[in-house]
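**Student:** Chains X and S are the protein sequences, given in the same order. For the record, in the first sequence the residue sitting at position 325 is 325 according to the working numbering, with numbers rising by one throughout. For the record, in the second sequence the residue sitting at position 92 is 92 according to the working numbering, with numbers rising by one throughout.
Source of the hints: derived by calculation from the structure; they are not laboratory data. Model, not experiment: these values are computed from the prediction. Among the clues, some could well be false.
[To be verified] Now the stretches of chain S that chain X is said to cover, found in silico as 3 or more residues with beta-carbon under 8 Å:
no. : region
1   : 109-116
2   : 125-139
[Unchecked claim] EDC-like mimics (lysine to aspartate or glutamate), calculated; alpha carbons at most 16 Å apart, straight line:
no. : chain 1 : residue 1 : chain 2 : residue 2
3   : X       : Lys145    : S       : Asp114
4   : X       : Lys280    : S       : Glu128
5   : X       : Lys310    : S       : Glu207
6   : X       : Lys307    : S       : Glu105
7   : X       : Lys280    : S       : Asp113
8   : X       : Lys213    : X       : Glu46
9   : X       : Lys310    : S       : Asp114
10  : X       : Lys629    : X       : Glu610
11  : X       : Lys514    : X       : Asp491
12  : X       : Lys260    : S       : Asp172
[To be verified] From chain S, some residues computed to sit far from chain X (all C-beta separations above 10 Å):
no. : residue
13  : Val36
14  : Phe167
15  : Val188
16  : Arg263
17  : Lys270
Even for Gly, the Cβ is constructed at its ideal location relative to N, Cα and C.
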Amino acid sequence: MKKNDFLLELGVEDFPARFVEKTRLELKDKMAGILNREKITFENIEAGGSTRRFWILVKNLASKSAGKDEVIPGPPERIAYADGKPSPALEGFLKKNNGNPEDVSIEEQGKEKRAILRRTVPGRPAADILEKEIPALIRSLSFPKQMRWPESDFLFARPIRSILAFHGRKMIRVHTAGIKSGQYSSSLSAKLRVNSAEDYFKNWPSRSVFLKKEDREKKFYQTLTEKEKKTRGRLVRDRELLDELLELNENPQAVLGTFKEKYLALPAPVIVTVLRHHQKYFSFEDDRGRILPYFLAVIEKNPSCAKIVKTMERVVQARLEDALFFFKNDSDKNIDYFLEKLKGMIYQEKLGSLYDKTERIAKLTIEIARDYFPQSGIDAALLGRTALLSRFDLATSLVYEFPELEGTAGEIYALEFGETPEIASGIRTFRQFPQTPATLALFVADKIDTLLSSFILEKIPTGSEDPHGLRKEATLLLSKVLESGRNLRIDKIVSAAARLMGKEVPSSLPEFLKSRLELLLKDMDFSYDEVAAVLAEEETLDPVLFSRKLEAIKKIRKEEADFEALLTGFRRARNILTQAGKKGLSIPDRSDPSLFVEEAEKKLARDAEELKEEVEGHIGKSDYYSALKRLVHLRPDIDLFFDKILIMGEDAAQTANRLALLKKVISLFAHIGDLGRIVESRKNPEQQS
Amino acid sequence: MFFQDIILTLQNYWRKQGCLIAQPYDVEKGAGTFNVHTFLRTLDDRPWRAAYAEPSRRPQDARYGENPNRLYKHYQYQVILKPAPADCQQLYLKSLEALGIKLKEHDVKFLEDDWESPTLGAWGLGWEVRVDGLEITQFTYFQQVGGIDLKVIPVELTYGLERIAMFLQGKDNVYDLDWTGDVTYGNVHHRDEYEFSKFHFELADPEAEKKNFQFFEAESGRMLKEKLVMPAYDYLLKCSHTFNLLDARGALSVTERADYVRRVRSLARKAALLYLEINEKE
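Looking at chain X on its own, in the form it has when it is part of the complex (with noise of 0.2 Å):
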């Protein structure tokens, strides 16, 4: 069959450059899915972008589909034919269908005979599929923000401007949001005339526009490592950056900037996150890893015209020069001018000030660290002032103008105002990466504070709507509690947080919190059934307790054969027990070994009472994992007395001791959670794929 490249382009307005590698990966793997599921056999595909084009590539693409074999089952034998001819039900059938007399065949099938029809559907052309398909695959793609456009009839990122599809030499027709496919592809200053693929990769680099990432990449460390020399020092990486760069620039030349030297009174951390955030360039560093006075541009014309670079540096100082009269207007104070300020910036009405929220969390902090972490060797006078300084820079100016360095600027102020270098980097670290237990403690204050306080003010997330993100807030606050690996008690710390203002904790915060942790430790692949067992009726909320119960009941599952046909024991007894108590029999707290009359009751009784001591004490240790391997070995016993006891007896008194019995064992479980929840494997539909 005749094979030809296949080149699919999308020209788009300016994309935003975040969307650009989703946006490609999804078109690759959607235009894959249509050519197999079509049977149109290609040898690969690739795909490329940028923020103004989307290209897709599939190399020796067939100009046909593969024929498929059909088989139709149409109407019995008997009701097909009349006199020999065709009946109208059999004439009904293949209009249908669209079939032909002669593909009908006679044909067994179960207990009767039918007409069949049986025909082989030829391949259709590519191009009437792509023609058809294209739309639909722009059409599915979604992003996290859309838009209209007068032309769309759709939801995309941005407007399409743009479409060529060729296959070989063949132009494929598309036609969507206004646009239908042409000869031309476009970058902001040139037009391109294009008739194949091949016409396409070879003009495009030739006219200097980067079709692969990779080669952008190139080229920028190509044009980088002269500017690099120049300055004595490295470029400071930054990869996020510069993927963004280079989604943004088809040709990236490196252009390299000044600034005056007295800017370099500022600390590093502002000048690069000012030159970074705002201008979206790079800094650089001597070996010592000293700021240097040079900042690194990603442009796409001639780095040559020095007006470009000027009105650079224009902007860069005028930029450093607004940094440098907030950090020097902010380093003439001192930490209580800020913390004074802080008590006139209203966190939330009628909970107070930022101020007041300090002074919660420190004391909260402070009473995380004493009851969890006693060991940890925490100065809690030092913890205390670290949680009191924890907002004070967003009383800065500094921060009031540049709001992504709140933290830096904390840090670097707090050393600058005589506080301890420990204190400084807690009030930076304790946001984002609370790695030592006193970080973390203030960490989960802060958090549940934040928290606490919106649910009091019923500012409570619900459906899509969640304006203050508590969702994301008390996913970081969980997650975060369970990287740690530390047993912390939710549920008790949100009930001190409500005592520290003196108010209940609202009914809604426990549920939610749940709620969340659920969601979590599924993403953590956790099937839903053992989360919901862990869970069940639980009214405590430790993250690490749920997660090591849950590792122990993975493992068991995977290991122990036995403990499945233990779970079906589990379930009938609880089975048992629940229907004894809608009956309303009293079952006594434990069971007398002088009323079991059969062996079978009596060994059960033995072994669990063997076990029962055990069990408890790898409980007490955390370990779930022996804990539940002790319990496996009670599967015999459990089904041999479900075999040889008929437990609603004749007689009163061995009926209720025998209900005692199986409560006790499954008393046994509840330390792990309500593992009848837990569905059998062959059901789970998680394990069936």
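With chain X fixed as given, assemble chain S onto it according to the hints.
**Tutor:** Just chain S now, with coordinates in the frame of chain X:
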């Protein structure tokens, strides 16, 4: 190019693109979007093209005339094209060429920057346009105005005139811009920058302004009931400016602030609906 010639050049360029050359709207406002030629005219589905220079007041940005880049009042050049033409990016780039910016010699970037006006209940997607790292224009495809989904999508171009002038004249300080050959921007505006900074940050009477807000709000509501959209809209603009003033004065807490924004937005939505209602009858 002198400051006044930049405006004249843009007026001429957009006149040739079929724009109605309109005048600034004479009530204080924070941006050219608040002008009736944009806010009200984008609501219906009739074609509309207009362009005008708009003095825009932002009390929060006042700097006592001491900052070389920031002003309490700056000038925007505003272009509104409905429906947004398919070649609007090219049209815009050509307007830069008309201003003498040789595109081949400069790095022009359209960087993602979505625009939202919470008080107008309006938002759109688009870019900030940077030339050699300097932001000179906001470029927005409106999606919603007055809380109403637009049937015909317009594009709004907002040029920052002082920025463009500083770029073209190579000046580091806005007050040094040549308005004409012998008058600087500072000659025209330095004194008012200082005086209004004093007023916004130190002397405005918050209690009186809060009362003003209430009165303007009530008056706007009353005119809406009378089905008079233009006076209602004027009073809404006064509300919006009074809110900006109170905000700059530091007279509003976070929740109070949110409440003021909500109140202005609610008037904007009602005015938008009334405009459409009247428009349909015509």
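**Student:** Run every hint past the structure and note whether it holds.
**Tutor:** Comparing the hints with the structure gives:
no.: 1; hint: 109-116; result: holds (count 5)
no.: 2; hint: 125-139; result: holds (count 6)
no.: 3; hint: X:Lys145 - S:Asp114; result: holds (9 Å)
no.: 4; hint: X:Lys280 - S:Glu128; result: holds (14 Å)
no.: 5; hint: X:Lys310 - S:Glu207; result: violated (48 Å)
no.: 6; hint: X:Lys307 - S:Glu105; result: holds (8 Å)
no.: 7; hint: X:Lys280 - S:Asp113; result: holds (14 Å)
no.: 8; hint: X:Lys213 - X:Glu46; result: holds (12 Å)
no.: 9; hint: X:Lys310 - S:Asp114; result: violated (28 Å)
no.: 10; hint: X:Lys629 - X:Glu610; result: holds (14 Å)
no.: 11; hint: X:Lys514 - X:Asp491; result: holds (10 Å)
no.: 12; hint: X:Lys260 - S:Asp172; result: holds (14 Å)
no.: 13; hint: Val36; result: holds (22 Å)
no.: 14; hint: Phe167; result: violated (6 Å)
no.: 15; hint: Val188; result: holds (21 Å)
no.: 16; hint: Arg263; result: holds (16 Å)
no.: 17; hint: Lys270; result: holds (23 Å)
The structure is inconsistent with the numbered hints 5, 9, 14, although it conforms to all the rest.
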